[in-house]
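Protein chains in written order, with our numbering: chain A, 1 to 258; chain B, 1 to 693.
In short, the hints are calculated from the structure, not lab data.
Keep in mind that the hints are not guaranteed to be accurate.
To be verified - In silico negatives: residues of chain B with every beta carbon more than 12 Å from chain A:
#1 L141
#2 F209
#3 K443
#4 E464
Said to hold, decoys possible - Simulated DEER-style distance windows between Cβ atoms:
#5 A:Y30 <-> B:K155: 54 to 62 Å
#6 A:E171 <-> B:N411: 25 to 33 Å
#7 A:G23 <-> B:Q399: 44 to 52 Å
#8 B:E689 <-> A:S165: 53 to 61 Å
#9 B:E689 <-> A:S91: 57 to 65 Å
#10 A:E51 <-> B:R425: 52 to 60 Å
#11 A:S152 <-> B:L158: 53 to 61 Å
#12 B:I633 <-> A:S203: 53 to 61 Å
#13 B:P631 <-> A:I125: 30 to 38 Å
#14 B:E50 <-> A:Y30: 40 to 48 Å
#15 A:P188 <-> B:E635: 25 to 33 Å
#16 B:E50 <-> A:P188: 33 to 41 Å
#17 B:Y159 <-> A:S152: 42 to 50 Å
By construction, the Cβ of each residue, glycine as well, lies at the ideal position given by its N, Cα and C atoms.
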Amino acid sequence: MNLIVLLKMVPDTVEELNVASDGKSLDSEYLRFKLNDPDEHALEEALLLKERAGGKVTVVALDAPEVDDALFMALAKGADRAVKIPADQASLGTVATARMFATFLASGGGQITPDTLVLPGSQAIDDLEGEVAAYLGEALSLPYVGVVSSVSPVNGKVVVLKEFSGGMRGEFEVTLPAVLGIQSAEKPPRYVPVAKVRAVMKSAKIETADIAPPESAKALAVERMYKPEVAGRAQILEGTPEDIAVRIASLLAERGII
Amino acid sequence: MEPIRPILYNIHEHYQWAEYACYALGGLTVLIFAYGVWRHVRQWRLGKPEPVVKAAPERIKACIKFALFQGRLASDRYALLMHLAIFFGMGVLFIGTALATLDQDIGYLLFKWQFLRGNFYLGYKLSLDLLGLALIVGLALAFYRRYVLKPERLKNLLYPTFPLDSFYLLMILFLIAGTGLVVEALRLAASQVPWAHWSPVGNLLAGAFRGMSPEKLKGTHFFFWCLHALLAFAFIALVPCSKAFHLVSSAVSIYLRNLGPVGALPVAEPAGVARINDFTWRQLLQFDACTWCGRCQDQCPAYASGSKLSPKNLVLKLDDQLLKAARVNGNGKPATAEAAAQAATAAPAPVAAPLHDEQVISAAELWACTTCRACEEVCPVFIEQPRAIVDLRRYLVSQGTMNKTVQDALNSLNRYGNSFNKSDRMRAKWAQGLPVKIKDARKEPVDCVWFVGDYASYDPRVLEITQATAKIFQQAGMDFGLLYEGERNSGNDVRRVGEEGLFEVLRGKNLDAFGKVQWKNGRKIIITTDPHSLNTLKNEYQFEGNGVTVQHYTEVLDELLQAGRLPLKKKLTGRATYHDPCYLGRYNGVYEPPRRVLRALGVEVVEMPRTRDRSYCCGAGGGRIWMEDTPDIKERPAENRLKEAASLVDVPTFVVACPKDLAMFRDAVKTTGNEGKIIVKDIAELVAEAVQG
Numbered sequence: 001m002n003l004i005v006l007l008k009m010v011p012d013t014v015e016e017l018n019v020a021s022d023g024k025s026l027d028s029e030y031l032r033f034k035l036n037d038p039d040e041h042a043l044e045e046a047l048l049l050k051e052r053a054g055g056k057v058t059v060v061a062l063d064a065p066e067v068d069d070a071l072f073m074a075l076a077k078g079a080d081r082a083v084k085i086p087a088d089q090a091s092l093g094t095v096a097t098a099r100m101f102a103t104f105l106a107s108g109g110g111q112i113t114p115d116t117l118v119l120p121g122s123q124a125i126d127d128l129e130g131e132v133a134a135y136l137g138e139a140l141s142l143p144y145v146g147v148v149s150s151v152s153p154v155n156g157k158v159v160v161l162k163e164f165s166g167g168m169r170g171e172f173e174v175t176l177p178a179v180l181g182i183q184s185a186e187k188p189p190r191y192v193p194v195a196k197v198r199a200v201m202k203s204a205k206i207e208t209a210d211i212a213p214p215e216s217a218k219a220l221a222v223e224r225m226y227k228p229e230v231a232g233r234a235q236i237l238e239g240t241p242e243d244i245a246v247r248i249a250s251l252l253a254e255r256g257i258i
Numbered sequence: 001m002e003p004i005r006p007i008l009y010n011i012h013e014h015y016q017w018a019e020y021a022c023y024a025l026g027g028l029t030v031l032i033f034a035y036g037v038w039r040h041v042r043q044w045r046l047g048k049p050e051p052v053v054k055a056a057p058e059r060i061k062a063c064i065k066f067a068l069f070q071g072r073l074a075s076d077r078y079a080l081l082m083h084l085a086i087f088f089g090m091g092v093l094f095i096g097t098a099l100a101t102l103d104q105d106i107g108y109l110l111f112k113w114q115f116l117r118g119n120f121y122l123g124y125k126l127s128l129d130l131l132g133l134a135l136i137v138g139l140a141l142a143f144y145r146r147y148v149l150k151p152e153r154l155k156n157l158l159y160p161t162f163p164l165d166s167f168y169l170l171m172i173l174f175l176i177a178g179t180g181l182v183v184e185a186l187r188l189a190a191s192q193v194p195w196a197h198w199s200p201v202g203n204l205l206a207g208a209f210r211g212m213s214p215e216k217l218k219g220t221h222f223f224f225w226c227l228h229a230l231l232a233f234a235f236i237a238l239v240p241c242s243k244a245f246h247l248v249s250s251a252v253s254i255y256l257r258n259l260g261p262v263g264a265l266p267v268a269e270p271a272g273v274a275r276i277n278d279f280t281w282r283q284l285l286q287f288d289a290c291t292w293c294g295r296c297q298d299q300c301p302a303y304a305s306g307s308k309l310s311p312k313n314l315v316l317k318l319d320d321q322l323l324k325a326a327r328v329n330g331n332g333k334p335a336t337a338e339a340a341a342q343a344a345t346a347a348p349a350p351v352a353a354p355l356h357d358e359q360v361i362s363a364a365e366l367w368a369c370t371t372c373r374a375c376e377e378v379c380p381v382f383i384e385q386p387r388a389i390v391d392l393r394r395y396l397v398s399q400g401t402m403n404k405t406v407q408d409a410l411n412s413l414n415r416y417g418n419s420f421n422k423s424d425r426m427r428a429k430w431a432q433g434l435p436v437k438i439k440d441a442r443k444e445p446v447d448c449v450w451f452v453g454d455y456a457s458y459d460p461r462v463l464e465i466t467q468a469t470a471k472i473f474q475q476a477g478m479d480f481g482l483l484y485e486g487e488r489n490s491g492n493d494v495r496r497v498g499e500e501g502l503f504e505v506l507r508g509k510n511l512d513a514f515g516k517v518q519w520k521n522g523r524k525i526i527i528t529t530d531p532h533s534l535n536t537l538k539n540e541y542q543f544e545g546n547g548v549t550v551q552h553y554t555e556v557l558d559e560l561l562q563a564g565r566l567p568l569k570k571k572l573t574g575r576a577t578y579h580d581p582c583y584l585g586r587y588n589g590v591y592e593p594p595r596r597v598l599r600a601l602g603v604e605v606v607e608m609p610r611t612r613d614r615s616y617c618c619g620a621g622g623g624r625i626w627m628e629d630t631p632d633i634k635e636r637p638a639e640n641r642l643k644e645a646a647s648l649v650d651v652p653t654f655v656v657a658c659p660k661d662l663a664m665f666r667d668a669v670k671t672t673g674n675e676g677k678i679i680v681k682d683i684a685e686l687v688a689e690a691v692q693g
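Whole structure, please, built from the sequences with the hints as guidance.
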């Protein structure tokens, strides 16, 4: 199989996040980036598929701080090829990002063969709707399933498990090529020892693929970015559980809810 | 008539063919023995090269103490007495036989003169007789111990040589000694020499044969003489095939023991050990030197807690693999750097089976080790078990095979330099609450750098103590600073978990930060809170040469109190017990300073039964702190230890000198239901109480 994993760097929430003075973006002073968690799972699922069914794993990422580390880490884990598209990830919205990847895949860089699976992470902390994966399916005119937690190759197709809210799961048979937004791999992402990453950094190369950003890079403009504000509308009820229960019931009745 | 040794009594006269047969068999025995030894040497040479420090005088001294007089058996009086009796009994009898051979083959045959005569001969007879008796007593003690007392540690999971080896060894020695005495008794009964009472045991036994006819005595003597000779030759020839080989290998292992700091793991391949021949030749020699005594297992907290690990069985399994690999391989590779380089370029043939097979060595066994070094500390032949375990863990890590919690910790350590998944910028946050700011050692000149460590910097349970320690240092007027966010986890436990590459990265970053320190012209001192940090900074960072001294905070507190720089506002009272952290005590020999501190404060120190180098691990070392306990655990090491302390009469305080101990034992107080009976305190808390009033 031709497995293409899309990697994305996201702000590390271990560091304190602050709003920059422009009021529209994150303060970059303490900002650090890490690989998006679902993307790490997408890579793991690709590696598992490669181990089971054979094939080649290519990882692709747009430029972002610390992205080289993520790409080398992927190579150390067993990816065969790493490609960086030198376009600033932060300046692109989800539609533009999807288009960039679509252009890359349609160009010689990542040819969509009949046995191709494109595996982005299902979502990211700055793309909770999981738009990139869906837009990408659209842009490439490929079948798309998101929130996938398992992929099994069966007779030239794949059977995927998609998670729904409320603990429901659905099984889908998908023809290849396809785009699958991976929520979690079947196993936790593997550990790659530091010595191996360092060896890969010495021996392997990250390819670059120049793709021009689309004309209308941003679909949405941020008006204002702010931390959750204290509204002071909360009311604390005190007393015994019985008193509180009675009080809640009358409050709900007062407001015409019950 | 001068007493003189008879020349092959009876045999020389009546069975001369047997005399010749004896020489022939003797020669053959020596050849078989030599071949057997060579086979072992060849097995050791399957290993990788490892340089050995040359220090012959020191090594010979150690050989006399630990090999000849078996110094490390002293902790078990019974075993020591038994083993010394067997060893010296057998040894002296062997020397006696050798003297007899010289007396006859050199003295008598070449010069027609014997030195075994007169008083010397009588002394010789008496010594041999008494030591023969000692041998038999020793063997009886051994039989009783092994088959009646049956201590747990003598049970084997597997037998690298053959299953009844222990029985065989005791039995053949017993038969050799027994037939030897019978031969002597028969001779005395027949010859009735006037100096027979110089052989008291043989003479006593001779009484049993006095009624025999001279013809019968002659025949019986010959029979037992032959039996004795055959048994002795068989024993010697078979030494290399049985565990009796420890006569040779233990001595060699003791001679070649590690003379460097015990806290420094040798530089090794990050990929670790996958097959037996990936160990170094010195490690293979150690596995081969194991005497199956089980002292390591007796000390092991992992074994006591019911885990799959027994250091003894692990070593036996490794020895078993070595013997198997040797059978398959024939010729060993020469242990030289050139040969290793050659082997690396050519595709190495799979000479041995993979060790990481659940049927051979399970991952659970390897992860159970706390690297407390209690096993290594008691091993009579200086086997380095923790080192072998770390080598085997490295392979697991290189394959990414590890517990999820360890993986999370390593990922966090790699990214943030701490195991708490917290930003490296938050490392010195605890210092913000102090009234007096602590210097940044990278920006201002200092005398000391305090390497605070992960637990003391990030664990909310420990922060207050860290602040108290800082205030004590400030009160004593110490000129010290921190590395602030430049500090990383020291890597001690990272290394022992088997992540060599990450250890190197962490060490590199810390050394970079230390490189920025502007030392004043006094003593350059690095102080650590965590004994684990102390160990790696002191032994694995190679600071020496820069004149830097690495000290534990208990050593610093001791110096400050002794110098009168910390006047007590309040003398403490009461009794307390002190727990020696493995990495402070056994690893780095710091036993006295914390005790002196406690006594200086006015505390009466009551020792637990297992103290100092026999201290019992809390269970957190070697990366265990990042692992979950297995569900089948019998009793956590910390609980076992806390119960030991709680059983002391009227000792309400359990003093620790390691932030990990604090966490482990405060938990153990709760899980063992000892709240209200005993309280866990860091030594710095007590100092603060006394000096700050």
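Here is how each hint holds up against the structure:
1. For L141 (chain B), the condition that its CB be more than 12 Å from all CB atoms of chain A holds, with the nearest at approximately 50 Å.
2. Here F209 (chain B) stays apart from chain A, with its beta-carbon at least about 73 Å from theirs, past the 12 Å limit.
3. With a least beta-carbon separation of about 20 Å from chain A, K443 (chain B) lies farther than 12 Å from that chain, consistent with its non-interface assignment.
4. E464 (chain B), annotated as away from the interface, keeps every beta carbon of chain A farther than 12 Å; the closest lies near 23 Å.
5. Roughly 58 Å separates the CB atoms of Y30 (chain A) and K155 (chain B), a value that falls within the hinted 54 to 62 Å.
6. Taking 25 to 33 Å as the suggested C-beta distance range, the pair E171 (chain A) and N411 (chain B) conforms, at roughly 32 Å.
7. G23 (chain A) and Q399 (chain B) have their C-beta atoms about 49 Å apart, which keeps the hinted 44 to 52 Å range intact.
8. Separated by about 55 Å at the C-beta atoms, E689 (chain B) and S165 (chain A) satisfy the suggested range of 53 to 61 Å.
9. Here the CB-CB span from E689 (chain B) to S91 (chain A) is close to 58 Å, well matched to the stated 57 to 65 Å.
10. Checked against the given bound of 52 to 60 Å, the beta carbons of E51 (chain A) and R425 (chain B), roughly 39 Å apart, lie outside it.
11. With their beta carbons about 41 Å apart, S152 (chain A) and L158 (chain B) fall outside the hinted range of 53 to 61 Å.
12. Distance hint check for I633 (chain B) and S203 (chain A): the Cβ-Cβ separation is about 43 Å, which falls outside the suggested range of 53 to 61 Å.
13. With their beta carbons about 35 Å apart, P631 (chain B) and I125 (chain A) fall inside the hinted range of 30 to 38 Å.
14. Here the CB-CB span from E50 (chain B) to Y30 (chain A) is close to 47 Å, well matched to the stated 40 to 48 Å.
15. Checked against the hint of 25 to 33 Å, the C-beta distance between P188 (chain A) and E635 (chain B) comes to roughly 30 Å, which is consistent with it.
16. Roughly 37 Å separates the CB atoms of E50 (chain B) and P188 (chain A), a value that falls within the hinted 33 to 41 Å.
17. Judged by the Cβ atoms, the range 42 to 50 Å given for Y159 (chain B) and S152 (chain A) holds: they are separated by roughly 47 Å.
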